[in-house]
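J.: One-letter residues, chain by chain:
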Amino acid sequence: MESDLLLDVKDLRTCFHIAEGTVHAVNGVSFSLRNGETLGLVGESGCGKSVTMLSLLRLIAIPPGEIVSGEAIFEGRDLLRMSDAEIEHIRGNKIGMVFQDPMTSLNPVLTIGHQLCEPLRIHLGMDAQRARRRAVQLLEMVGIPDAEHRLSDYPHQFSGGMRQRVMIAMALAAEPSLLIADEPTTALDVTIQAQIVELVQHLRAQMNMAVIWITHDLGVVAEIAERILVMYAGFIVEEAMVDDLYEDSRHPYTRALLAALPRVDRRRDQRLRSIPGAPPNLLAAPKGCPFAARCELAFDRCQVEMPPLRTVATAHQSACWIDLATGKKW
Amino acid sequence: MDANPDLKMNNQPLVQVRNLKKYFPIRQGLIIEREVGSVKAVDGISFDIYPGETLGLVGESGCGKTTAGRTILGLYPPTAGSVSIAGIHVERADKAELQLLRRKAQMIFQDPYASLNPRWTVSAIIGEPLHVHKLLPDEASRKERVRDLMVKVGLSPRLINRFPHEFSGGQRQRIGVARALASNPAFIVCDEPISALDVSIQAQVVNLLEDLQDELGLTYLFIAHDLSMVRHICDRVAVMYLGVIMELADRNELYEAPLHPYTTALLSAVPIPDPKKDRARQRIILAGDVPSPINPPPGCRFHPRCPIARRHCSQVVPEWRQVSPGHWVACHEV
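These protein sequence lines map, in sequence, to chains A and B. Take any residue in the first sequence, note its place counting from 1, add 191, and you have its number in the working numbering. Take any residue in the second sequence, note its place counting from 1, add 31, and you have its number in the working numbering.
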């Protein structure tokens with residue numbers, strides 16, 4: 192299994208120093224990813240899921256950001272310690288990225304062809320003609336009809352779903368071994384979301400690439416991910432294979448989130464079980480379990496000591512002082 | 032005038048919408064503007080809303096659901112058709128009627144950041160309808176009413192002099208709800224009231240809206256794109272596509288036995304937080320995008336993307352008809 196490891200992140204901590212104090216955005220995140228695996232990273236806004244990925248790619252502005260500690264071994268080398276030139280090379284070639292808003296991530300005054308060809312020329316050293324041929328190929332691969340002609344179109348001439356396809360084409364240009372997709376379907380309608388999910392699944396299988404899919408939507412990630420990490424207030428609170436997470440979650444936050452979701456496939460039987468309160472303010476240094484204030488099961492230890500992630504079943508980890516399978520305290 | 036919580040259905044509708052159209056003109060030319068076309072945002076919709084019920088209006092972005100909500104409240108003058116709310120005809124209301132309408136019909140907006148004036152205190156925001164409609168004689172009684180409203184929506188009245196930026200998204204949405212309630216409305220258009228909020232906060236706001244409905248006998252038009260939440264909160268659901276309603280039925284009938292191919296495709300695209308069930312499910316992935324509402328396709332608007340479309344679908348507009356009690360659909364093939 193060891194040789195199969197693509198990415199191994201250990202104890203990543205990221206802070207932002209702002210006028211009001213220090214925002215503890217990521218508080219010791221560890222996880223790994225195998226070649227070809229699809230990992231879902233789920234959490235609500237401000238839980239640190241995007242900052243985790245931006246830290247790995249070294250796309251955090253420093254200052255105000257600071258990567259306080261951690262290592263991220265990707266194909267045998269630490270992303271957090273390599274030179275700027277090296278990480279830039281990795282970002283273009285080995286790790287592709289797709290972001291939430293396909294309008295703001297494309298330059299509105301340059302044609303799609305220009306934007307697609309540029310990385311091909313810079314990162315892969317292609318000449319103009321070859322880059323253009325490859326760009327057409329890429330657009331066809333992501334299902335854009337009439338690709339040859341559409342190269343000279345500007346981003347505003349594409350619909351939201353089509354722009355996201357262009358973004359995926361750009362991310363996949365160098366056939367990366369890892370695709371990081373940060374809320375790639377959040378701005379899209381459900382019928383278009385279904386198209387994009389299907390496209391990514393198809394391309395993933397075809398190129399044997401690993402995918403990290405970041406989202407707040409527990410529905411989408413159930414569909415696409417093999418394994419899921421649940422984040423809350425900068426911590427990973429649960430990690431499990433997809434079926435286990437939905438059928439037998441072992442963390443009170445995950446359970447509460449699933450219970451708060453209405454279901455399109457079920458008749459209403461009762462009121463929604465809302466989670467009281469709001470996520471904690473990250474300006475205060477973390478003390479105790481961040482979910483304790485909203486947790487039905489919390490007891491005194493939860494207020495003062497953060498529970499470590501511990502294995503609760505095969506390939507299933509949870510950070511809670513209570514073993515939810517037995518109800519016993521650790 | 033206030034809707035009575037005991038009156039449900041089989042009653043006179045509170046809101047009647049008939050063949051409502053709203054076109055936005057497209058103008059060209061710098062000095063001499065001329066109309067070169069129009070965006071047919073809402074193109075002939077009809078339905079009733081009964082006292083005390085929640086009618087869901089769902090559809091993808093650009094289908095005209097928000098325009099429909101605003102036109103119903105008279106915020107946009109309709110291009111054609113009629114709307115009556117509690118007996119007042121919105122499109123030909125005089126000044127006095129319009130003022131009464133503004134009191135009895137309110138709106139809750141999607142974006143809790145943009146819909147509250149950042150320079151106003153909570154007291155001024157929630158108290159504004161009381162002030163505008165001269166509902167209470169003096170400042171002291173207005174403040175008292177604002178405090179009551181804050182308690183009603185689950186905000187501490189101690190925060191009455193705070194500004195919107197001091198609140199979280201969920202709390203701001205509560206301020207918006209309190210403002211909508213201030214004038215004792217009977218009917219509230221909720222335009223995507225929870226889509227800007229996190230899952231754990233969404234449930235709080237939805238439960239609040241339900242409690243207020245039970246307590247005050249409110250009638251809601253709930254505009255949303257989240258089909259799961261709509262199934263939970265709405266009694267009946269209307270599905271919109273490109274300016275027209277494709278299907279309308281009781282919620283369980285619509286979700287369990289949809290008739291229109293668009294409804295079927297839309298429902299099958301909604302992800303379910305249950306991986307095993309999700310894998311076993313048959314999905315219909317619609318090809319292409321929603322066409323432009325400037326030149327909508329002739330015949331049935333859905334025909335270019337419809338998996339069962341036949342020749343006449345592209346020529347003849349399907350009739351909006353009732354196929355079983357309370358189940359309406361516009362499709363040739365049903």
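Hints are not guaranteed to be accurate.
[Said to hold, decoys possible] Ranges between beta-carbon positions, derived for each pair:
(1) B/69 / A/460: 40 to 50 Å
(2) B/58 / A/432: 27 to 37 Å
(3) B/354 / A/315: 52 to 62 Å
FYI, nobody ran anything at the bench for these hints, they're computed from the structure. Remember, it's a predicted structure, so these values are computed and weren't measured experimentally. Virtual Cβ for every residue (Gly too), placed ideally from N, Cα, C.
J.: Are the hints correct? Go through all of them and say.
T.: Do the hints match the structure? See the list:
Separated by about 45 Å at the C-beta atoms, residue 69 of chain B and residue 460 of chain A satisfy the suggested range of 40 to 50 Å. For residue 58 of chain B and residue 432 of chain A, the Cβ-Cβ distance of about 57 Å falls outside the hinted range of 27 to 37 Å, so the restraint is violated. The hint said 52 to 62 Å for the Cβ distance between residue 354 of chain B and residue 315 of chain A, and at roughly 58 Å that hint holds.
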